[in-house]
Every structure is written in structure tokens, then in C-alpha cells.
Amino acid sequence: SEYQNGVWADYVLRTEYGNGNSYAYSSEGGQKQNTDSQFEVKEAFVELGGVLGEDTSIWAGQRYLNRAAGILSGEFWKQSSGVGAGIQTKLGGNTAGIAYTMADTNDSINNGTDRATLSSLDLYYYGVDAGIGSLDFDLKYGQQALDGENDDGFGASVTLNTSYYGLDGWTQNAIAYGTGVMQNRGVNFGNWSGGNDDAESLFLTSYGVLNISERWQLGTEATYITALDELWGAEGLTRYIVAARPSYKLNDNIRLEATASYAHEEGDEGYWGRTGDDVESDILNLEIATAFTANSDYFGRPQVKPYISYIKADDEASAKQIGIENGKDQFVFGVHTEIWF
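Once you know that position 261 of the sequence shown is 983 in the working numbering, the rest is easy, because the numbers rise by one and skip nothing.
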């Protein structure tokens, strides 16, 4: 809504059903059996602009704040997801903000354990001119009350938004550090957060899209995370993935895609109870797909995308970690549907 005195208001509601739900329901009505994924309100907040100045807005409620994710892994590495409030304005022509968000842990929500509410104080400053692009700065301080005592931690990240390594296109390139409660990439806060004094991680990522020609585009991603001490309770944990997806625009409504990715995980002997061949995993994924869409740009949505995917692990122990029960490779056939990106 916009008002005559220059004030504007956004009322945001985002809902979702069945995130992670693999059951195939019929239309019997009640759908509360055999799964804990239900209809959920993801965002419900109000943002008011102009009440404290032309470039300033305030917000409060439940929301996703400042999210960023790899374009091929689909994994969010930066966000604050929870209930809170904040203020955003312009400083030196750049976006600056402060926010306070809270989230209860997954264990207390799903398993009925005692509440151990997490909180995060966010400071951010976005759009700083770096000559070859712009820089975004994030700093977060987190706390969690456990057994009457407060655990804490902090995280920080720097993101460079620029061209596709000097070519036509775009990339996001980030480095992040996290410790304690903010061990998860430093700036990825939500009900999955938490950690002790031994938790410490370093995260690197670079992803983007190259515009090769009017019809050809190439998406790539390289992501790396490692424990500087422990990460998610695992000593020596290191993960990385490299992936590429060439895309060809057949016409305004059909896009052809091929995707190749290689992922690696390793940790010290005994991490998460893993020993022997379980300690180190290498996974190869090859996929071809046809995307039918109302807009055949690389990020065109909505889309219905039939695909064939081939997944191969380095050994049977690694294959079991990703759900392959017999042998070390598997073909997967399916249809992927999205209405947003």
C-alpha cells in the first residue's frame, strides 16, 4: 500500500506445504499421518517505509532476511530465518541495516525437548563500490540459552557481486567465518543453528551465470566448507562441490539442460560414528533435462522439467550415505516443478 503522505507498507505472507515430504497423498482429506512436514507459514511480517525518512523502513514479524543460495546446490549459505524486527536505511548511498531475530531449535519443535531459543543480532552494509563490482558485508552475533547458561558465537561474511569472471554475466563470490552458535557458515541463522566453543568453520563459494550467446547460457558453482576445529560435532569435516549446467534456449517456452557435479566429503576417523570407507565420500551426478516454461531464460519460472539423472559414488559405503542401498550407482527419473526461484 502507498499513502499520500509518502508512507508505504508491505504485508508479506509466505506459506508452504510439505517441504521434505516424500509421501504421495490422495485426496482423502486429512494429511497428518506418517510425516512431520505439514502446511507451514514461513513468513508473516509487515514493513513500513517513509515513517522515519524517505530511505528508511522498519519491519517486524516472521521472515527470511537477506537470503543467498548457490544456484546449483540450491543450498542457502546466508539468511536470518525467524521472528524479529529490524530497521533498514541508506548510509553513503548504500543499504545498511540492523535486525534482531529469534528461532527455537528443531529438537524443541519436533521432539518436545526443553526450549533452547536462539537469537541473532545482525548488522549489514550492502552495495559498496569495489571497482569491479559491489561488496556486501554481514556481521552476526548469536546466543543460545542451554542449561541455564548462554552459549554464544559470531559470524561474518564478505560478498563480491561482479561479472562472470570478466565475461558477460554475473557471479556472487563469498567468504564467511563462523564460530560457536554461528558455526553454520557464520551467517546462516535459523532453527538449525547452535554450537559449542569448539565449533569453528570457514566457508568459500563462487557461483553465477555466463551469457554465451542469445541461446546458450552456462551456470556454475564451486563451494567449500571446512572445520577449523569442529563443525556440526565432527572433527576435521570438509565438504566441497563443483558443478556446471549448460542451458540451451530452444524457443520461448522450452529449454534444454545438462548438469554435471562432483562432491566430496571427509572427516577425522569416527566422525558421526563413521569408520573405514564411510570416512571419505566422492559423489558424481550427471543429468539431462527439458524445461517447459513460460519464460525460457536460465531462471525462467514457472517450469515443469522432466529429467534423467545418473548418480555414482566411489564405493558402496558412500552410496548408502545418500540412500543407494544396492551397489554404488543409480539412475533416477522424475519431473521437477517450480513456480518461483
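No wet-lab data here; the hints were simulated from the structure. Errors might be hidden in some of the hints.
As the list claims (entries may be wrong) - Distance ranges between label pairs, derived from CB positions:
no.	residue 1	residue 2	range
1	Glu-1047	Asp-851	51 to 59 Å
2	Gly-814	Ala-782	48 to 56 Å
3	Asn-872	Ile-809	21 to 29 Å
4	Val-1057	Ser-748	17 to 25 Å
5	Ile-809	Thr-997	44 to 52 Å
Unchecked claim - With a Cα cut of at most 27 Å, we get these calculated DSS-like pairs of lysine-lysine:
no.	residue 1	residue 2
6	Lys-1050	Lys-971
7	Lys-1050	Lys-764
8	Lys-1050	Lys-1034
9	Lys-1027	Lys-1050
These numbers come from a predicted model, not from an experiment. We put the CB at the ideal spot given by N, CA and C, even for glycine.
Review point. Is the hinted pair Lys-1050 and Lys-764 satisfied, with a Cα-Cα distance of at most 27 Å?
Key: It is violated: about 37 Å lies between the C-alpha atoms, which goes past 27 Å.
Point to revise | Straight-line alpha-carbon gap Lys-1050 to Lys-1034, limit 27 Å | key: holds (6 Å)
Check your understanding: Does the Cβ-Cβ separation between Glu-1047 and Asp-851 fall within 51 to 59 Å?
Key -> holds (53 Å)
Review point. Between Ile-809 and Thr-997, does the beta-carbon spacing fit 44 to 52 Å?
Key: holds (50 Å)
Review point. Is the hinted pair Lys-1050 and Lys-971 satisfied, with a Cα-Cα distance of at most 27 Å?
Key: violated (34 Å)
Point to revise | Restraint check for Lys-1027 with Lys-1050, where alpha carbons must lie at most 27 Å apart | key: holds (26 Å)
Practice item. Just tell me: holds or violated, for the beta carbon distance of Val-1057 and Ser-748 against 17 to 25 Å? Key: holds (18 Å)
Practice item. Just tell me: holds or violated, for the beta carbon distance of Asn-872 and Ile-809 against 21 to 29 Å? Key: Because 25 Å falls inside the window, the suggested range holds.
Review point. Is the hinted range of 48 to 56 Å satisfied by the C-beta distance from Gly-814 to Ala-782?
Key: The hint (48 to 56 Å, Cβ to Cβ) is violated, given that Gly-814 and Ala-782 are roughly 26 Å apart.
Taken one by one, the earlier hints fail for this structure at numbers 2, 6, 7, listed in ascending order.
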